[in-house]
Amino acid sequence: KNNGTLGRLHHILKNPPPISKSSASLPGKVCRVPQESAILAVRQNCTECICSFCHPSLRANLTRSNEALKMTAEQEKHSEQHNLPWGVPKYENAMDTCTLYHKQYISGYSNIYHIPLFAGYFLSDK
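Per this note's numbering, residue 1350 is the first one in the sequence shown, and the count goes up by one each step.
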C-alpha cells in the first residue's frame, strides 16, 4: 500500500535506485493572498496577469477567488487534516512549489512549470 513515504514502493521496481539522505524533501511553501492593499489593488486591476480569468470585466470573480483563499492558520490546519490526512506531499529541494489552501480542497502548484502538481480533497460516502 502506498502511503506516500519515501521508498514505500521500491519493492515493485526492477532496479530501484538507492535511497539516500540527500534525497530528503520538504513540503512546498504556502502561498497566501497578500494582505497589503497596494498589492491587492494591482491584482484587482489585472495589470500583471496574462490569464483570461483576470479580464477587467471579471473583477468580481477575482475578488471572490481572493476571498476564498483567505484562511487563518487554524482553518488551514483543519483543511489539511480533513483533505490530506497523511500530510502535504513533499518535493525535491530544488523544486519551486507552492501549496494553496482552499476551504474544500488543497492544491499544489509548480512555479517552474506553471501547472498544478496535486489536489487533495475528501470524498464522503453520502
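In short, the hints are calculated from the structure, not lab data. Virtual Cβ for every residue (Gly too), placed ideally from N, Cα, C. Watch out, some of these pointers could steer you wrong.
The following label-pair restraints were derived from C-beta to C-beta distances [said to hold, decoys possible]:
(1) Trp1435 / Pro1383: 21 to 31 Å
(2) Ala1417 / Pro1366: 33 to 43 Å
(3) Pro1367 / Ala1387: 29 to 39 Å
(4) Leu1466 / Asn1410: 21 to 31 Å
(5) Leu1418 / Ala1387: 12 to 22 Å
(6) Glu1385 / Arg1357: 34 to 44 Å
(7) Ala1390 / Leu1358: 25 to 35 Å
Pairs of lysine-lysine residues, derived as DSSO-like cross-links and limited to a Cα-Cα distance of at most 27 Å, are as follows [as the list claims (entries may be wrong)]:
(8) Lys1363 / Lys1419
(9) Lys1439 / Lys1426
(10) Lys1452 / Lys1439
(11) Lys1452 / Lys1378
(12) Lys1452 / Lys1475
(13) Lys1439 / Lys1475
(14) Lys1426 / Lys1452
Hints, one by one, checked against the model:
Roughly 30 Å separates the CB atoms of Trp1435 and Pro1383, a value that falls within the hinted 21 to 31 Å. Checked against the hint of 33 to 43 Å, the C-beta distance between Ala1417 and Pro1366 comes to roughly 41 Å, which is consistent with it. Between Pro1367 and Ala1387, the C-beta spacing of about 50 Å breaks the proposed range 29 to 39 Å. As the Cβ distance of Leu1466 to Asn1410 is approximately 24 Å, the hint placing it in 21 to 31 Å holds.
Between Leu1418 and Ala1387, the C-beta spacing of about 18 Å keeps the proposed range 12 to 22 Å intact. The given range of 34 to 44 Å is respected by Glu1385 and Arg1357, whose C-beta atoms sit roughly 42 Å from each other. Checked against the given bound of 25 to 35 Å, the beta carbons of Ala1390 and Leu1358, roughly 47 Å apart, lie outside it. A hinted pair counts as satisfied when its Cα atoms are at most 27 Å apart, and Lys1363 with Lys1419 does not qualify at roughly 46 Å.
Of the supplied pair hints, the one linking Lys1439 and Lys1426 holds, its CA atoms being roughly 17 Å apart against a limit of 27 Å. The straight-line distance between the Cα atoms of Lys1452 and Lys1439 is roughly 21 Å, inside the 27 Å bound, and the hint therefore holds. About 18 Å separates the Cα atoms of Lys1452 and Lys1378, which keeps this hinted pair within 27 Å; it holds. Annotation: proposed proximity of Lys1452 to Lys1475 holds, straight-line Cα distance about 19 Å (limit 27 Å).
Taking the CA atoms of Lys1439 and Lys1475, the gap is near 31 Å; set against the 27 Å cutoff, the hint is violated. Simply put, Lys1426 and Lys1452 have alpha-carbon atoms about 11 Å apart, close enough for the 27 Å limit, and the pair holds.
In summary, the structure is inconsistent with hints 3, 7, 8 and 13 from the numbered list given earlier, while agreeing with the others.
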